[in-house]
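> Line by line, the protein sequences are chains A and B. In terms of this note's numbering, the first sequence has 163 at position 163, counting the first letter as 1, and numbering is strictly consecutive. In terms of this note's numbering, the second sequence has 240 at position 240, counting the first letter as 1, and numbering is strictly consecutive.
To be clear, the hints were calculated from the coordinates, so they are not data collected in a lab. From a predicted model like this one, the values you see are computed outputs, not experimental measurements. It is possible that some hints are incorrect.
Stated by the list, open to error - Derived, one-sided and incomplete: chain B residues facing chain A with beta-carbon distance under 7 Å:
| # | residue |
| --- | --- |
| 1 | G42 |
| 2 | V84 |
| 3 | V86 |
| 4 | P88 |
| 5 | G220 |
| 6 | M221 |
| 7 | C222 |
| 8 | G223 |
| 9 | R226 |
| 10 | K255 |
| 11 | I259 |
| 12 | Y260 |
| 13 | E266 |
| 14 | A267 |
What the hints assert, rightly or not - In silico lysine-lysine, DSS-like type, Cα no more than 25 Å apart, as pairs:
| # | chain 1 | residue 1 | chain 2 | residue 2 |
| --- | --- | --- | --- | --- |
| 15 | B | K27 | A | K143 |
| 16 | A | K225 | B | K54 |
| 17 | A | K281 | B | K270 |
| 18 | B | K255 | A | K343 |
| 19 | B | K41 | A | K266 |
| 20 | B | K265 | A | K279 |
| 21 | B | K270 | A | K279 |
| 22 | A | K306 | B | K262 |
| 23 | B | K71 | A | K266 |
| 24 | B | K255 | A | K281 |
| 25 | B | K41 | A | K191 |
| 26 | A | K266 | B | K265 |
| 27 | A | K279 | B | K255 |
| 28 | B | K56 | A | K225 |
| 29 | A | K225 | B | K27 |
| 30 | A | K281 | B | K262 |
| 31 | A | K279 | B | K41 |
Cβ coordinates follow ideal geometry from the N, Cα and C atoms, glycine included.
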Amino acid sequence: MAKPSLKKTIMREQPHSERIHNFNEVPYGYSDEEAIAEANRCLQCKKPKCVEGCPVEIDIPGFIKEIAANNFTNSIRSMKSKNALPAICGRVCPQEVQCEELCTLKKMGEPVAIGRLERFVADWEAKTGKIEMPEISPATGKKVAVVGAGPAGLTVAADLALMGHKVTVFEALHEAGGVLVYGIPEFRLPKSIVRREVEYVQKLGVKLITSYIVGKLQTVDELLKEFGAIFIGTGAGLPWFMNIEGENYNGVYSANEYLTRSNLMKAYLFPEYDTPIVKGKNVATIGGGNVAMDCARTALRLGAAKSMLIYRRSKTEMPARIEEIEHAEAEGVEFYLLTLPIKYHADAQSWVREIECLKMALGESDASGRRKPVPIEGSNFRIPVDVAVVAIGNSPNPLIAATTPDLKVGKHGNIEIDAKPQERLLLYWRWAEEGLLLGQ
Amino acid sequence: MNRILRKEVLTSSIKLFEIETPLIAAKVLPGQFVVTIAADKGERIPLTVADANKGKGTITIIFQEVGKSTKLLGTLREGDEIPVVVGPLGKPSEIELFGTVVCIGGGVGIAPIYPIMKGLKSIGNKVISIIGAREKGLLILEQEIREQTDELYVTTDDGSYGRKGFVSDELKRLIGEGRKIDRVIAIGPSVMMKAVVEVTMPCNIKTIVSLNPIMVDGTGMCGACRVEVGGETRFACVDGPEFDGHLVNFELLSKRLSIYLKEEKEACQKEAVSCK
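All chains, please: the whole structure from these sequences, using the hints.
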């Protein structure tokens, strides 16, 4: 066997000058030949480390081996026995800190492009138009409710359906997908792909009910009268603000609102779609995560002359995926690093016009292991803007916790369960069957 | 699902739908709202529930056609299904024994005041109602409210019906007469609620208002509906929509309500519908 290339096979993408004017997906995906070439880089390790890095334990060398052998049907079959959402995961999973992080090739150069191959084989199957259905275990007669049709809920629903359980997914919004439809932009994850994989989950026998708010229409308590177990996958839907002066001026958005308007409600197609969005000329996004990159890149596509990103630490501390940072930079997003917004200034009509910031310096390491940013006194300066997007994170939506009195909730609104992640659902189940879940 | 069983045209721009939605009807309480989408590419619009019939499995919504989305909703007919009706959302009103309560509704705000008024009356409060509109032709639910309330006062801005003036003037008159009032609840345009609050503030009468900021999801996810209450930012969709009126920053509310005026005009022009 020839020595594998130390570089990933390049995935072609839309040129930056073009893509900032449209919402089409940026990378084109591999051709058959490119996929086979990339698959051949895999060393087929006897003890594959990559699988340990995968939350759903896909047989990674297995599906890659089938691609290398030009047997795409077997490859997707193997994939789908573990993951019902490969076209989504191949695009938006942080592979560089999961499977690819542990790839043996990474010790010598670049890891195998596992994500790109996952995406390739999923798209290949969709292109054939023949979606193969996996074998579903005999019905167990058990009913499970899944709250939230985001990536977690859909994955759990598909797995349970394959095990033969009867699953109903309750979604609060009018479309299934959670962050995949309201948060991640079209240019990173086309919504037709989300719909395709949601339909696949439904074909597994999962019943999907949209516009149904658990906690309001039925409480968890009430659902437990009908269902043997409940999976709560309501995500981190409560946006944080910085609580600085002027944050409620017109033109200041939370990332959730900005992205929900653009993605879920299709405001980028206004007025064909009815939901509007303020299309600023000078847009500043505050934050350094993937969501911040999504906002900054969305602003460009909505027609901003200048899309800026304000982050209080330096680039090395940014939580966003390197790939996303590179995409944003290539598209012309201007980075204001080591910069802390302290106040918004508005015009007489209450529209935001400037963000007052402080320059920061990096001090000692903090609890997260990153160097703590310290404000430099007197370094105040102003950045002219007409739209600002606050993308500094979210905490869990409190609705379920607020209406489920016996659920243990942590200080960030997270549900606390004393079990390892892989045991949690089982535990819920046992508690439910024993009537213990709500301390009855 | 979400079938319109009854449609009534209450005024030239205000319409009533009684919608078959048994799950919401079983749970909704006075003060809560639903979010609707009227068409495939439509906006999510929040509408306060004006009535519910658990037995029949229906809720009633009353809305004013002010922009493209509400106009679109208004084109639906009896027998049609509304694509999306989700709820009940928001915190319900406090329905407790307060003593004498003045319930004030202005314009289409008379609709959400109606179930609150009924609820307060049903548990033994003395309820005085004040309703008002710009002109006689725009006044809604007068008969329904008259049947429930202990006293009713009606105002119109132009004097075409009832007393000429604003609902806040009528409240001022009652207070001036030395009437004992334990609580005021006011729902209507933000200028109206602000005027009511300015009347009750000096006499320290607890005043609840229901805020109507722009919303998207209505579940606390986006923060579009940020309002300032007592100097703190709150989300009207989950922390409200009702707040202590004495603590509300109405100026901010009015300004935030104007964010999309330009876009609203553009949408209307495209549809060639006349928007107010």
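> Now, for every hint given, state plainly whether the structure supports it.
Quick rundown of the hints versus the structure:
1. G42: holds (5 Å)
2. V84: This interface hint holds because 5 Å falls under the 7 Å limit.
3. V86: Interface hint status for V86(B): holds (4 Å vs cutoff 7 Å).
4. P88: Since chain A brings a Cβ to about 6 Å from P88(B), closer than 7 Å, the hint holds.
5. G220: Nearest chain A Cβ about 6 Å off; hint holds.
6. M221: holds (4 Å)
7. C222: holds (4 Å)
8. G223: Constraint on G223(B) satisfied, holds at 4 Å.
9. R226: Interface hint status for R226(B): holds (5 Å vs cutoff 7 Å).
10. K255: Hint holds; K255(B) Cβ to chain A Cβ min 4 Å, cut 7 Å.
11. I259: OK, holds: I259(B) within 7 Å of chain A, min 5 Å.
12. Y260: holds (5 Å)
13. E266: holds (6 Å)
14. A267: It holds, given that the least Cβ distance between A267(B) and chain A is near 5 Å, below 7 Å.
15. K27(B) <-> K143(A): holds (24 Å)
16. K225(A) <-> K54(B): Holds - the C-alpha atoms of K54(B) and K225(A) are around 21 Å apart, at most 25 Å.
17. K281(A) <-> K270(B): The hint holds at about 23 Å.
18. K255(B) <-> K343(A): Roughly 19 Å separates the two Cα atoms, so the pair holds.
19. K41(B) <-> K266(A): Judged against 25 Å, a Cα distance of about 8 Å means the pair holds.
20. K265(B) <-> K279(A): Holds: K265(B) and K279(A) sit about 15 Å apart, inside 25 Å.
21. K270(B) <-> K279(A): holds (18 Å)
22. K306(A) <-> K262(B): Within the cut-off at roughly 22 Å; holds.
23. K71(B) <-> K266(A): With a Cα-Cα distance of about 20 Å, the restraint between K71(B) and K266(A) holds, given a limit of 25 Å.
24. K255(B) <-> K281(A): holds (21 Å)
25. K41(B) <-> K191(A): holds (15 Å)
26. K266(A) <-> K265(B): holds (18 Å)
27. K279(A) <-> K255(B): Distance of about 18 Å is within 25 Å: holds.
28. K56(B) <-> K225(A): Holds, because 24 Å separates the two Cα atoms, which is no more than 25 Å.
29. K225(A) <-> K27(B): holds (17 Å)
30. K281(A) <-> K262(B): Within the cut-off at roughly 16 Å; holds.
31. K279(A) <-> K41(B): Holds, at about 19 Å.
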